[in-house]
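Trainee: Chain by chain, the residues:
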Amino acid sequence: MATEVKPLFRAVSTSPRPLYQLLRCIDFAQRVHVQITEDGIRFAADNSRVMQGVAFLDKALFSAYTVNLPPSEDGETPDYPNFQIPLSTFLEVLQIFGSVDVAARAQKADQDPYRSNIRNYRPNAFSNHTLGIAGTCTLLYAEEGDPFKIILEESGTKTTAGLTTYLPEMPEDIPFDRNDLTFKIIMSSRTLFDCIAEIIPAGPVKLTITATKTSPFLTLSCAGDIGSSSVDFARGKDLLETFSINDRWSQAYKFDFIRHASEAMRIASKVSLRGDSQGVLSLQFMVDVEGGKRSFLDFRFVPFATHDDGEEDDVEIEEYD
Amino acid sequence: MAILTFTLSEEGVTAFRDALNCLSKFSEDVSIEARKDSFFLSTMNTSKSAYASFRFATNRFFGRYQYQATGQFQDKFYCSMYIRGLISLFRSRSGVESRGDVDKQTIIDRCDVAIEDGEGVKSRFIARIIFRNGLTATHRLPFEVSMPVHAKFNRQEALYHWSISSRTLKQLVDHFGPGTEYLEVNTDGDHVNFTCFSEKTISDDAVLKKPLHTSISVETDEFDDIDVEDKLQIVVSIKDIRAITQHAAITGNAIAARYSLPARPMQLSYASDAISCEFLIMTVGERGGNPAQRTKKVRKGAPSSNNHVPPHLEATSRRTSAAPSQTAAEIQRQQSEMPPPASSRQPPNPTPRLSAARASASRIGAFDFRPSQRPPPPTLRSDSLFVEDEAWEPVRDEDEDGDEDARLEWDHSADPVSGLVNRLMCPVANLETESLYFAHEPRR
Numbered sequence: 001m002a003t004e005v006k007p008l009f010r011a012v013s014t015s016p017r018p019l020y021q022l023l024r025c026i027d028f029a030q031r032v033h034v035q036i037t038e039d040g041i042r043f044a045a046d047n048s049r050v051m052q053g054v055a056f057l058d059k060a061l062f063s064a065y066t067v068n069l070p071p072s073e074d075g076e077t078p079d080y081p082n083f084q085i086p087l088s089t090f091l092e093v094l095q096i097f098g099s100v101d102v103a104a105r106a107q108k109a110d111q112d113p114y115r116s117n118i119r120n121y122r123p124n125a126f127s128n129h130t131l132g133i134a135g136t137c138t139l140l141y142a143e144e145g146d147p148f149k150i151i152l153e154e155s156g157t158k159t160t161a162g163l164t165t166y167l168p169e170m171p172e173d174i175p176f177d178r179n180d181l182t183f184k185i186i187m188s189s190r191t192l193f194d195c196i197a198e199i200i201p202a203g204p205v206k207l208t209i210t211a212t213k214t215s216p217f218l219t220l221s222c223a224g225d226i227g228s229s230s231v232d233f234a235r236g237k238d239l240l241e242t243f244s245i246n247d248r249w250s251q252a253y254k255f256d257f258i259r260h261a262s263e264a265m266r267i268a269s270k271v272s273l274r275g276d277s278q279g280v281l282s283l284q285f286m287v288d289v290e291g292g293k294r295s296f297l298d299f300r301f302v303p304f305a306t307h308d309d310g311e312e313d314d315v316e317i318e319e320y321d
Numbered sequence: 001m002a003i004l005t006f007t008l009s010e011e012g013v014t015a016f017r018d019a020l021n022c023l024s025k026f027s028e029d030v031s032i033e034a035r036k037d038s039f040f041l042s043t044m045n046t047s048k049s050a051y052a053s054f055r056f057a058t059n060r061f062f063g064r065y066q067y068q069a070t071g072q073f074q075d076k077f078y079c080s081m082y083i084r085g086l087i088s089l090f091r092s093r094s095g096v097e098s099r100g101d102v103d104k105q106t107i108i109d110r111c112d113v114a115i116e117d118g119e120g121v122k123s124r125f126i127a128r129i130i131f132r133n134g135l136t137a138t139h140r141l142p143f144e145v146s147m148p149v150h151a152k153f154n155r156q157e158a159l160y161h162w163s164i165s166s167r168t169l170k171q172l173v174d175h176f177g178p179g180t181e182y183l184e185v186n187t188d189g190d191h192v193n194f195t196c197f198s199e200k201t202i203s204d205d206a207v208l209k210k211p212l213h214t215s216i217s218v219e220t221d222e223f224d225d226i227d228v229e230d231k232l233q234i235v236v237s238i239k240d241i242r243a244i245t246q247h248a249a250i251t252g253n254a255i256a257a258r259y260s261l262p263a264r265p266m267q268l269s270y271a272s273d274a275i276s277c278e279f280l281i282m283t284v285g286e287r288g289g290n291p292a293q294r295t296k297k298v299r300k301g302a303p304s305s306n307n308h309v310p311p312h313l314e315a316t317s318r319r320t321s322a323a324p325s326q327t328a329a330e331i332q333r334q335q336s337e338m339p340p341p342a343s344s345r346q347p348p349n350p351t352p353r354l355s356a357a358r359a360s361a362s363r364i365g366a367f368d369f370r371p372s373q374r375p376p377p378p379t380l381r382s383d384s385l386f387v388e389d390e391a392w393e394p395v396r397d398e399d400e401d402g403d404e405d406a407r408l409e410w411d412h413s414a415d416p417v418s419g420l421v422n423r424l425m426c427p428v429a430n431l432e433t434e435s436l437y438f439a440h441e442p443r444r
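Sequences listed follow chains A and B, in order. For what it's worth, UniProt numbering labels the leading residue of the first sequence as 1, then goes sequentially. For what it's worth, UniProt numbering labels the leading residue of the second sequence as 1, then goes sequentially.
Calculated from the structure, these hints are not laboratory results. Glycine included, C-beta positions come from ideal geometry on N, C-alpha and C. Please note that a few of the clues may not be correct.
[Said to hold, decoys possible] Some chain A residues near chain B, calculated using beta-carbon distances under 8 Å: (1) P78; (2) S229; (3) S230.
All chains, full assembly: derive it from the sequences and hints.
Mentor: Below, the structure written as structure tokens:
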């Protein structure tokens, strides 16, 4: 190839804060699987093949986004770059961004005690961030096998971090049948977060999610060491924006897995809960990021296997009047 | 099926939580006792040296309260529960974390509680919390049916009492350091001294082997009323006092203390609109040389609209002319015979503030050394006061005074340097000087 200077992938962002926010939501696995496509980068985290979290960073989140795939011989769709990186390290690197501002403020405070004592809490009109010269964050993947590079440039300081890339080992998603949905509910993500927060004190191991056609519509219940708790929507049907259900659906999940998604519940604006006939639960979060753009986070959970002897039903779901 | 059902408003949930938080500082379990017209939460600590109880006025505190007498619970229902489970149930939902937009959605509309028990029914405390946004949370907690243990307090025996605004008392208690264990209350002329100290030794290398003693001297004018034997030193656990004052300050009403002699229980009580609280804590201490002399002050001039002192206390406090040697029986007779006439109300002291300020100004910041007060060995703490039934018979203490002193063998010639006492003479208004004194506290 003649133009070997062109890297495989290069993306520039002036504000990596949304990247950080989104990626933090799937920070439950050591390594994430990265796939670079022409529309954006896909980060997938996986926990024992029973929980999966996907953050898709749309190319709209970047101010410049180029993918130069080598043209394949037979004209088929080219292979997108696939690799794994340690997510926590990536998040740490992203946090470096903005630290120049903090350091500059601290320095200014030393020189100008008046400002440091009285006005320190105010947003600084002359900070790099407010002036829009925030600097850039460049993600670079030169060629297959290269380190995944993050270059942060801010007011004269340039930080380059190279993350070792690992061979992909989890190319498959948890199978979720979009054409065989048992129910689909869209609601405010805050509400789901509140429901989960409500039952956390019970110290649950298993979370049972039940969706019914009639009241109470959607129930989250669990049993823990100090008692059992449940949250339902019997009086709150209007909290459910979309509610379509084919049949009664009830599945149990490991509570810790669901809790991993609570950061996503916190920052997202809406969530779509879907369950297929196999019992796989899909949580799709819509996150409003800076500048009116939207991003999506996708979680999938495999339920506990249900046995027909009814033993698994140790969660109290008695009715209370 | 439910034995007891009641409804709490959002304020009710908050009040319930405050009470449970206070109880959790005494013990891990709480006893619930419910009758047709009363609802109690009580607990006793494991060493049986402190007892706390909250009584809720069923008609005012609860939106709805229904007691269904069934089976073994014909007369009353009682059970014991794990406090932490209850606290998490009634925890504060709003503002758990800073939410960007001030959507006050998850705020409780009401909380319905049902207690179910009986044959074939699981013993469950079921709380259904209905949120304003439409969510309904149902929590089921198990309980154990066990008879609550109540401590009894003999009011006739408690000759001494004082009452003070709970906020003032909390401000005083806030000044005592975290490492301290005991609080000593004694009177000295027209001052009441609150001394906080510890018997723990920090380390052998330290010059001061014990944490700083902190003493706050309060003018009797700060008290609503006071009638205590002069120089009587009564020592209680500061941990218990802290728990009590913290809760009392929420209600903001006057807190009343009644006690007699060291090694006898002290009662602390206060009431708010719908809750009345009573605490019994064990005391140790030392009696002064002059039992006949009393520190006494009655302030009844101010209209006591928000002063929920029980009538019994009012009657006693107006007994200004009673001789100190009166026996309890005489006092009682006098109370029953003589309802205090309105004319006996004293006019308010015209210059209490002025004199207090002057007195404190002359003494503020004065350090002085005095012998350390050693509380008697822990074996003297009597557990036997707390009994399960009404059968407990109080013993007159006057007969035993000689004995007790002999047994204690106080060493009054103790090395004066070993216990450095930082005595802070100030009324509450002058507390800003405290940081100076706390700077001396050894770091741990």
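Trainee: Each hint needs a verdict: does it hold in this structure or not?
Mentor: For each hint, the structure was consulted:
Below 8 Å, beta-carbon pairs count as interface contacts, and P78 (chain A) has none with chain B, the closest being about 42 Å; its hint is therefore violated. With a cut of 8 Å, the hint placing S229 (chain A) at the interface with chain B holds, because the nearest CB-to-CB distance is about 5 Å. With 8 Å as the threshold, the beta carbon of S230 (chain A) comes within range of chain B, its nearest partner Cβ sitting at about 5 Å, so the hint holds.
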